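**Student:** Sequence:
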Amino acid sequence: MKKVFCNLFGHHYSVSKKVTLHIKEYKCIHCGKEVTTDVSGNLSTLTPELQDINKTLETIYQKRHRAAEHAA
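Residue numbers are given in the working numbering: position 52 of the sequence shown equals residue 174, and the series is strictly consecutive.
Worth flagging that the hints you see were computed from the coordinates, not collected in a lab.
One should not assume that every hint holds.
For lysine-lysine, the following BS3-like pairs were computed, each having C-alpha atoms within a straight-line distance of at most 27 angstroms [as the list claims (entries may be wrong)]:
1. K139 x K185
2. K146 x K125
3. K125 x K139
4. K146 x K124
5. K155 x K124
6. K124 x K140
7. K155 x K177
8. K140 x K125
9. K185 x K140
10. K155 x K125
11. K146 x K177
12. K146 x K185
13. K149 x K125
14. K177 x K149
15. K140 x K155
16. K140 x K177
17. K124 x K149
18. K177 x K139
19. K155 x K139
No experiment lies behind these values; they were computed from the predicted model shown.
Take these sequences, add in the hints, and give me the full structure.
**Tutor:** Take a look at the structure:
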């Protein structure tokens with residue numbers, strides 16, 4: 123039934139994870155479909171490959187932020 127709702131009205135995404143300031147992962151509150159922002163800022167289906175990329179980006183982003191905070 124929830125997939126029918128999304129087929130008729132479209133997905134209703136909410137942020138499930140903030141990877142960086144510009145890259146986030148989203149999940150549909152109705153059907154559970156997961157997407158992420160790509161390099162162009164568009165939503166792409168969250169594949170295992172994109173999950174790995176996001177994890178790597180998040181790690182690099184956090185390390186740089188910690189280094190910048192300690193330097194200030």
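**Student:** Holds or violated: K155 with K124, Cα cutoff 27 angstroms?
**Tutor:** This hinted pair holds, its Cα atoms lying about 11 angstroms apart.
**Student:** Verify the proposed pairing of K177 with K149, using a straight-line Cα cut of 27 angstroms.
**Tutor:** 17 angstroms, holds
**Student:** Between the alpha carbons of K124 and K149, is the straight-line distance 27 angstroms or under?
**Tutor:** This hinted pair holds, its Cα atoms lying about 14 angstroms apart.
**Student:** Could you grab the alpha-carbon distance between K140 and K125 and see if it respects the 27 angstroms cut-off?
**Tutor:** Holds: K140 and K125 sit about 25 angstroms apart, inside 27 angstroms.
**Student:** Keeping to a limit of 27 angstroms between CA atoms, is the pair of K177 and K139 held or broken?
**Tutor:** Satisfied, since the Cα-Cα distance of roughly 11 angstroms is no more than 27 angstroms.
**Student:** Holds or violated: K146 with K125, Cα cutoff 27 angstroms?
**Tutor:** 23 angstroms, holds
**Student:** Take the C-alpha atoms of K185 and K140, compute the straight-line distance between them, and say whether it is at most 27 angstroms.
**Tutor:** Since the Cα atoms of K185 and K140 sit roughly 15 angstroms apart, the hinted pair holds (cutoff 27 angstroms).
**Student:** Verify the proposed pairing of K146 with K177, using a straight-line Cα cut of 27 angstroms.
**Tutor:** This hinted pair holds, its Cα atoms lying about 11 angstroms apart.
**Student:** Taken at face value, is the distance from the CA of K125 to the CA of K155 at most 27 angstroms?
**Tutor:** Given that 27 angstroms is the threshold and the Cα spacing comes to 10 angstroms, the pair holds.
**Student:** Please verify whether K155 and K139 have alpha carbons no more than 27 angstroms apart.
**Tutor:** 14 angstroms, holds
**Student:** For the pair we were handed, K146 and K124, check the Cα-Cα distance against 27 angstroms.
**Tutor:** Roughly 24 angstroms between the alpha carbons, so the hint for K146 and K124 holds.
**Student:** Holds or violated: are the alpha carbons of K139 and K185 at most 27 angstroms from each other?
**Tutor:** 17 angstroms, holds
Checked against the numbered hints above, the structure violates none of them.
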